[in-house]
Amino acid sequence: MTVKKISLEQILNALQAVSPTVHGPVEDVFADHIADPKKTTATTLDWVNSIKTNKQEIAEGTPAKVILADAEVVYSDAMKAAGKTLIIVPNPKMAFSLVANEFFVEKEEPGIHPTAVIHPEAEIGPDVYIGPYVHIGKAKIGKGTVISAYVRIYDKVTIGENCFFKEGAVIGGAGFGYEKDSQGNRFRFPQIGGVIIGNYVEVGGNTCIDRGALSDTVIGDHTKIDNLCHISHNVDLGRNVMVIACSEISGSCVLGDDVWVGPNTSIRDHRKVGAGALLGMGSVVVKDVPADEVWTGNPAKLLNR
Amino acid sequence: MTVKKISLEQILNALQAVSPTVHGPVEDVFADHIADPKKTTATTLDWVNSIKTNKQEIAEGTPAKVILADAEVVYSDAMKAAGKTLIIVPNPKMAFSLVANEFFVEKEEPGIHPTAVIHPEAEIGPDVYIGPYVHIGKAKIGKGTVISAYVRIYDKVTIGENCFFKEGAVIGGAGFGYEKDSQGNRFRFPQIGGVIIGNYVEVGGNTCIDRGALSDTVIGDHTKIDNLCHISHNVDLGRNVMVIACSEISGSCVLGDDVWVGPNTSIRDHRKVGAGALLGMGSVVVKDVPADEVWTGNPAKLLNR
Amino acid sequence: MTVKKISLEQILNALQAVSPTVHGPVEDVFADHIADPKKTTATTLDWVNSIKTNKQEIAEGTPAKVILADAEVVYSDAMKAAGKTLIIVPNPKMAFSLVANEFFVEKEEPGIHPTAVIHPEAEIGPDVYIGPYVHIGKAKIGKGTVISAYVRIYDKVTIGENCFFKEGAVIGGAGFGYEKDSQGNRFRFPQIGGVIIGNYVEVGGNTCIDRGALSDTVIGDHTKIDNLCHISHNVDLGRNVMVIACSEISGSCVLGDDVWVGPNTSIRDHRKVGAGALLGMGSVVVKDVPADEVWTGNPAKLLNR
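Residue numbers (our numbering), protein chains in the order written: chain A, 29 to 333; chain B, 29 to 333; chain C, 29 to 333.
The shape of chain A in the complex, shown without the other chains (with noise of 0.2 angstroms):
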């Protein structure tokens, strides 16, 4: 990556929204990377995050020279005489995620892979990175929105803006629902639904999000979906919910916003998960659970509110 000075200007107009305070220099003050705190420099956008005991320590100890802070880290003489800029801010771990994925992120220029197969009535928004070898449908995407190599996405699939979906995801495939003949074979129930994915959803690699049977399959705004995961026909995510690695929601399962998926859990078919709820690793899910509430274990059971 080629080396870009990014000056304490530029980093306080990507922090505008949260009124960042700056003490200080604030003349020819710049930082050209972010790195682990144990290959820290003079030139290393640094943060001090919240959670730690001994932040006034951090702050003073690291040899940036400038650094994202609370406020109850005070520009004391020390960094003073080391010249350091402090930038005060409500969250430093995301107003430091704000100015890092803004400057110092590699993000994939947008454009069409010649070797994507697309249906000539898929509708692609402005500002999308396809792939190589994406296989999409009659779909919609959204602006700025990034498709990985050997994405498939089917007809009826319709994907906001700004998503983000990693390799191999699979979105719109037929639902796993299925009938016996008289025979005792089954047979798969019709399943001519479609997927309706909304804004800033994240998608992980080899994901499969089945299409609904008859209605849709729903991923709400803000929704972001690990590798790995299985969320089958029918379901309805709504926003900010989090699903992580090599969970499975079976079929017409609703999920409140905000709900927390905890790794390999499994929720059973036409659960439904209030708002607020956290599912604990390895939670095996088979009766409703209520908002806010804590559950884990196999089966799963309320821990706390």
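In short, the hints are calculated from the structure, not lab data.
It cannot be assumed that every hint is accurate.
If chains are identical, the list can't say which one is meant, so a pair holds when it fits in one copy or spans any two.
When the alpha-carbon atoms are kept at most 27 angstroms apart in a straight line, the in silico DSS-like pairs for lysine-lysine are as follows [claimed, not checked]:
#1 Lys315 <-> Lys32
#2 Lys184 <-> Lys168
#3 Lys67 <-> Lys80
#4 Lys108 <-> Lys184
#5 Lys67 <-> Lys83
Based on these hints, arrange chains B and C on the given structure of chain A.
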């Protein structure tokens, strides 16, 4: 999708095997789509699920003119007045699936996508669909089978007729068997077997079925495997086995006909699961399971017979 | 596969490191295949598993002329009369694996498939196989490594020698780390680290190994990861670690050498698992696990030492 008017005659032809009985009008009767109950119109092909307690009410209340129901629904005056046609069948959900799949579900047209990489000695039957970026070795694929994008089929894999493989499935990869050398490093035990898959088998997205070590991994007719499952080397699945998403079946397991493997289940290697057994969601099966028993939990135990 | 006659001399050469002892004929002795025990013939390379209780009986009963066994098997009159050649080695299963893999298992020929999309600055070592539709960024790949179809390797990934990647593996994708903004919406924490993979590492089909956030995810030499596993950002796996199918290892976990992770196990983030520990199938590991202990269950607890 272009609208297709399907006549009562065509519907009844599709249902010949289950001897339907018709009440009400038979002339100029048709349906032109299927739909979610909330979106049912006069020309929806509708059906009444036999598990409902208010079947008569549903049959009378629907705006649809053509309705599939079981013999507990009677052709009432209200239905007559509304000009409805009632088709009595033993299993309306199955009858609906049959008709809907034949007329109202889009299927891949047979053909081989030009990007597929196929071994010159592979044997591909008639009416097979092979999607983009498929990679097939010296394998046999039976009539009418659908192979979706990014599916990998290795040498020594034999697939029957009318099977369906979703994107990213890996069939016949080397099994996970190792032996320690004198330095304690693991070295792969030879994996030279194949995979034999029956007819009407369905395999989900990103599911992996490893080949046998020295003999074959076997998947029986009509068995359905969901997304993101792992079927190890030398596993033998019977007929009509259902393996739900994110399940793991370890090496050399033998599952009888009609076994139901709930989501996110694991089965220890060399275990036998008798015909008709049901393994509940999240089961961790470390013992043999007798036929027709229901086991669940971690470790899985008998729930009932 | 064309038949290859492998002479006793070639077999003994392959076993030099374990100092084999030979009894019986040595002239014109050969094997030309390996096979399932049920299909053994006179020219099968056969072996007697040391865990069997009737080893002598197996060695005498097999129709094969060349047999690998441990020192508890004696070269009997019956074997002499049958003209058998008995090769005594410390670990017959390992010796069989060595010889069979060298002579009787088909390998990919080194080469790069023309459909692979590879960054011009990627460093690809000699004798590497890169299959169809592979997508490689600015990464390094060591000598003799096999990269199967649809594998995605991101920038900043370093892979050692003689590794093996099955189809659909995603190596170096962005980790699942988020921070809430002032509206409660999650925003990705920067993920700019890499992945460092040692020698003789094997990675299963559709398995995902995320890159570190600010530093690297590390996989030690000889570690084997099965199909459909998730290795999160900043995980550090030692040497000879075995991760069985469908397992989930959360962010920043550290696993020592020779740890065995049973199928469908989950490990909470930041946990340490000591060298030689064994995690049983379906374990949900929420605490640190000391070296050489066996833990199992949900939540996982000590079973024995």
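Going back to the hint list, which numbers does this structure go against? 1, 4
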